[in-house]
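Take these sequences, add in the hints, and give me the full structure.
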Amino acid sequence: DAMVIQNPRYQVTQFGKPVTLSCSQTLNHNVMYWYQQKSSQAPKLLFHYYDKDFNNEADTPDNFQSRRPNTSFCFLDIRSPGLGDAAMYLCATSRDGLARGETQYFGPGTRLLVL
Amino acid sequence: AQSVTQLGSHVSVSEGALVLLRCNYSSSVPPYLFWYVQYPNQGLQLLLKYTSAATLVKGINGFEAEFKKSETSFHLTKPSAHMRDAAEYFCAVSEGAGGTSYGKLTFGQGTILTVHP
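Just so you know, the sequences run in chain order A and B.
If you count by the numbering used here, then the first sequence holds residues 1270 to 1384, one letter each, in order.
If you count by the numbering used here, then the second sequence holds residues 84 to 200, one letter each, in order.
It is worth saying that the hints were derived from the structure and are not from the lab.
There's no promise every hint is true.
Using 30 Å as the maximum straight-line C-alpha spacing, the simulated DSSO-like pairs for lysine-lysine come out as follows [unchecked claim]:
{"hint": "1", "chain 1": "A", "residue 1": "Lys1321", "chain 2": "B", "residue 2": "Lys151"}
{"hint": "2", "chain 1": "A", "residue 1": "Lys1286", "chain 2": "A", "residue 2": "Lys1307"}
{"hint": "3", "chain 1": "A", "residue 1": "Lys1321", "chain 2": "B", "residue 2": "Lys141"}
{"hint": "4", "chain 1": "A", "residue 1": "Lys1286", "chain 2": "A", "residue 2": "Lys1313"}
Everything numeric in this text was worked out from a predicted model, so none of it was measured.
Below, the structure written as structure tokens:
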């Protein structure tokens, strides 16, 4: 039943230790998004892929990278996590982008804790 | 540029009372508007969306919202609150045809709804 799946749901890492969060989708959508959401804040878009085309937001730190090896999977790599990177990370998909009011489907999120 | 303002970061109602969550938007082109709900430690779930068809939109869980262009508003309502409605609600806008913000949702800051017995 799950359409956008994120693993793990909770991730603990150490300061400066690289970490990878994963997302997969069963919707066969063209677009996949990564958001960062800090406590009591709105989700903040980090980047998105339209198929294999990568689109980075201007204010996304270089510390954050992403990979999309195929349609179904997308990864978020944090090269050197700092304490400020502790947050909920949300993956989302849409069929063809949002220019026609399409729905964006969200996964359950991965909560990252940095020690 | 598009933006969303949600009036009231916290709203508290009694069970059975009317729920009203306010959202005002700014967009240079006809907008598409969304309401999402987020339960603790969960992702966002779509409640309803406006895509330039009927101005009164009905969604899941008994929620509805009315698009008012003259007021640039898209307020969310539910006639009778349930305890299970306690969650955080986000209003969001994406630009319609002709907009430049391809692929982006712009979210409001969210409203936490508390429902008292």
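Tested hints:
1. Distance restraint check for Lys1321 (chain A) and Lys151 (chain B): the Cα-Cα separation of roughly 38 Å exceeds the 30 Å cut-off, and the hinted pair is therefore not satisfied.
2. Simply put, Lys1286 (chain A) and Lys1307 (chain A) have alpha-carbon atoms about 20 Å apart, close enough for the 30 Å limit, and the pair holds.
3. Restraint check for Lys1321 (chain A) and Lys141 (chain B): the C-alpha separation of about 35 Å exceeds 30 Å, so the hint is violated.
4. For a cut-off of 30 Å, the pair hint linking Lys1286 (chain A) to Lys1313 (chain A) stands: about 23 Å separates their Cα positions.
When held up to the earlier numbered hints, the structure conflicts with 1, 3 and fits the remainder.
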